[in-house]
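Work out the full structure: start from the sequences and follow the hints.
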Amino acid sequence: MEQKKVEEMLINMGPQHPSTHGVFRVLIESDGETVARTESHIGYLHRCFEKIAENMTYLQIHPYTDRLDYLAAMLMNFGYAVAIEKLLDIQVPERASYIRVIVAELQRVASHLVAVGTYGLDVGAITPFLYTFRDREKVLKFFERVCGQRLNYNYIRIGGVAYDMPQEMAADISDFVVYMRPKIKELNDLLTYNGIFIRRTANIGVIPPEMAVQYGCSGPVLRGSGVKRDLRRDTPYSIYNRFDFDIPVGKGEVGHVGDCWDRYIVRMREMEESLKIVEQAVKSLPAGDYIDAKAKKPLRPKGEVYHAVESARGELGFHVIANGKNVPYRLKVRSPSFSNICILDAISPGHLLADLVAIIGSLDIVMGEVDR
Amino acid sequence: MEANKIQEMLQSQFGAAIQEVTQEGWVKLDRGHLLEIAQFVKKQNDLSMDMLHCITGVDLGGGTLECIYIFTSTTHKHWLTVKVDVKVEDPKLPTLSHIWPTANWHEREAFDLLGFMFTDHPNLKRILCHEDWVGYPLRKDYEFPKEFEGIKRDLVLEEDDVMPRTVKKG
Numbered sequence: 013m014e015q016k017k018v019e020e021m022l023i024n025m026g027p028q029h030p031s032t033h034g035v036f037r038v039l040i041e042s043d044g045e046t047v048a049r050t051e052s053h054i055g056y057l058h059r060c061f062e063k064i065a066e067n068m069t070y071l072q073i074h075p076y077t078d079r080l081d082y083l084a085a086m087l088m089n090f091g092y093a094v095a096i097e098k099l100l101d102i103q104v105p106e107r108a109s110y111i112r113v114i115v116a117e118l119q120r121v122a123s124h125l126v127a128v129g130t131y132g133l134d135v136g137a138i139t140p141f142l143y144t145f146r147d148r149e150k151v152l153k154f155f156e157r158v159c160g161q162r163l164n165y166n167y168i169r170i171g172g173v174a175y176d177m178p179q180e181m182a183a184d185i186s187d188f189v190v191y192m193r194p195k196i197k198e199l200n201d202l203l204t205y206n207g208i209f210i211r212r213t214a215n216i217g218v219i220p221p222e223m224a225v226q227y228g229c230s231g232p233v234l235r236g237s238g239v240k241r242d243l244r245r246d247t248p249y250s251i252y253n254r255f256d257f258d259i260p261v262g263k264g265e266v267g268h269v270g271d272c273w274d275r276y277i278v279r280m281r282e283m284e285e286s287l288k289i290v291e292q293a294v295k296s297l298p299a300g301d302y303i304d305a306k307a308k309k310p311l312r313p314k315g316e317v318y319h320a321v322e323s324a325r326g327e328l329g330f331h332v333i334a335n336g337k338n339v340p341y342r343l344k345v346r347s348p349s350f351s352n353i354c355i356l357d358a359i360s361p362g363h364l365l366a367d368l369v370a371i372i373g374s375l376d377i378v379m380g381e382v383d384r
Numbered sequence: 014m015e016a017n018k019i020q021e022m023l024q025s026q027f028g029a030a031i032q033e034v035t036q037e038g039w040v041k042l043d044r045g046h047l048l049e050i051a052q053f054v055k056k057q058n059d060l061s062m063d064m065l066h067c068i069t070g071v072d073l074g075g076g077t078l079e080c081i082y083i084f085t086s087t088t089h090k091h092w093l094t095v096k097v098d099v100k101v102e103d104p105k106l107p108t109l110s111h112i113w114p115t116a117n118w119h120e121r122e123a124f125d126l127l128g129f130m131f132t133d134h135p136n137l138k139r140i141l142c143h144e145d146w147v148g149y150p151l152r153k154d155y156e157f158p159k160e161f162e163g164i165k166r167d168l169v170l171e172e173d174d175v176m177p178r179t180v181k182k183g
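Taken in order, these protein sequences are the chains called Z and X.
Residue 13 is where the first sequence starts when you use the working numbering, and the numbers rise one by one after that.
Residue 14 is where the second sequence starts when you use the working numbering, and the numbers rise one by one after that.
These are computed hints drawn from the structure, not numbers from a lab.
Each hint should be verified, as a subset may be incorrect.
With a Cα cut of at most 30 Å, we get these calculated DSBU-like pairs of lysine-lysine [claimed, not checked]:
| hint | chain 1 | residue 1 | chain 2 | residue 2 |
| --- | --- | --- | --- | --- |
| 1 | X | K56 | Z | K240 |
| 2 | Z | K309 | X | K153 |
| 3 | X | K90 | Z | K288 |
Quick list of the computed label-pair ranges, beta carbon to beta carbon [said to hold, decoys possible]:
| hint | chain 1 | residue 1 | chain 2 | residue 2 | range |
| --- | --- | --- | --- | --- | --- |
| 4 | Z | Q28 | X | Q24 | 51 to 57 Å |
| 5 | X | M22 | Z | Q72 | 40 to 46 Å |
| 6 | X | D59 | Z | M223 | 20 to 26 Å |
| 7 | X | D133 | Z | A358 | 16 to 22 Å |
Quick partial rundown of chain Z residues pointing at chain X, CB under 7 Å, derived from the structure [stated by the list, open to error]:
| hint | residue |
| --- | --- |
| 8 | H58 |
| 9 | C60 |
| 10 | D246 |
| 11 | K344 |
All of these numbers come straight from a predicted model, not from anything done at the bench.
Positions of the beta carbon are idealized from the N, C-alpha and C atoms, including for glycine.
Given below as structure tokens:
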């Protein structure tokens, strides 16, 4: 049969598009309904955080870190605080360490709830989105009680946390853990094992493990491809080595290892693991100081440090070069979403246009962090 | 593997190509050997630095730029930081994008913000700033633009002890 030649059409998706999760633009060369080639464009949200940070004292930088990944602001605070503490050799008080782990893991649950909820929305399931936002609201209520903010907390500070956790909150968080577990099961029934959802996500956007590593993917994207790497376990920071939790990886249960469904299910299972950590931490929450006295003085560190932590989207690294002044000489953020999204151009060719939306959603990017 | 073991291994393998090793675990190289050493740390079984975590850089002042590569291994869970100094007049470095594809975007970012020129890079153009942006924002001698595409800013930069800030004139 004679092969028909089709003229390729150039389609512009974004920067303002509901399924690009922010201001992200993809130029698509399409062959009918099939994607032939894509070209990603980023930078629409660029404000050069790194340059701003060079003009800010170490404490003033803290609120800016919130604005990197605004869906997991606690973890951004955490990453920055841990890096500066390593530089200054500050010991965080026990109580502060536990509070940090509790809020960080609650934040991970909240962030993954947005990820799976909006992912359902991307592939056409509207109801789960409402359910996940209802439950996320409960987490945000805790954050509001602990620091007065709902989205950009500036709560985890260098040397500890900004305010002590109210005494009666521990019991409420335990109640939340009990409340949340059946809700995850409910979400599984509603979305995860839904036949239509599986058909939209299984075998789509497969990232083989070697490829994921080569492209610097991390977090649920890397673990979805079956690579068991989690900085909370591999290079333990803070007090993560005291808790018992599993690292879920994608196994290709409904399709190939590393497809969209695998990345999705890793997030679902990570929520359960985070709840496990929260439960353990709340049980052993000690009394005492919530911030180290050394961190309250003006900070003039000297030296150079690179420290990476496991954020909700992957490995968040802060590279700080300090020269003894009150402002850093250079501060670099290694953002997980930046490395995760650079794989898009490599995996999208050959998929249907509608599947491109599913792939972008499964990578779960936050543009505030990609563009910095 | 411990950081100092990695340093020793590289020193025994490459000798004089390693210019400096520090206690914190960094290795400073000559740029002529970067490609060779990058391939070695990826292939060597005891190192197997299969992930390029990030590429960054810093303007050290005095006409020197430093490019910093951070590698990590998913199997051995260890880290390696490699630094390469180049002069501002000749900020050329070999690209690593054919060894680690992630280097493509990270090198574009380092080019965009600090002005490193990565030779043989497949697509070396600005990634975060606008395509017609002038200058490299993270260089220490960078001057804030007074105007961009016809939009004027009537601002002056004043320095005080706490932090330099932009203050409105008059």
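So, going through the hints one by one against the coordinates:
Proximity of X:K56 to Z:K240 is assessed by CA-CA distance (about 21 Å); at most 30 Å being required, the pair is judged to hold. Annotation: proposed proximity of Z:K309 to X:K153 holds, straight-line Cα distance about 28 Å (limit 30 Å). A hinted pair counts as satisfied when its Cα atoms are at most 30 Å apart, and X:K90 with Z:K288 qualifies at roughly 25 Å. At roughly 53 Å, the beta-carbon separation of Z:Q28 and X:Q24 lies within the given 51 to 57 Å, and the hint holds.
Hint check: X:M22 to Z:Q72, Cβ distance near 41 Å, so the stated range 40 to 46 Å holds. In this structure the supplied range 20 to 26 Å holds for X:D59 paired with Z:M223, their Cβ-Cβ distance being about 23 Å. Between X:D133 and Z:A358, the C-beta spacing of about 19 Å keeps the proposed range 16 to 22 Å intact. Hint status for Z:H58: holds, given a least beta-carbon distance of 4 Å to chain X, under 7 Å.
A least Cβ separation of about 5 Å between Z:C60 and chain X falls short of the 7 Å threshold, and the interface hint therefore holds. Taking 7 Å as the C-beta cut-off, the interface hint given for Z:D246 holds, the closest approach to chain X being about 5 Å. Because the smallest distance between the Cβ of Z:K344 and any Cβ of chain X comes to about 4 Å, under 7 Å, the interface hint for this residue holds.
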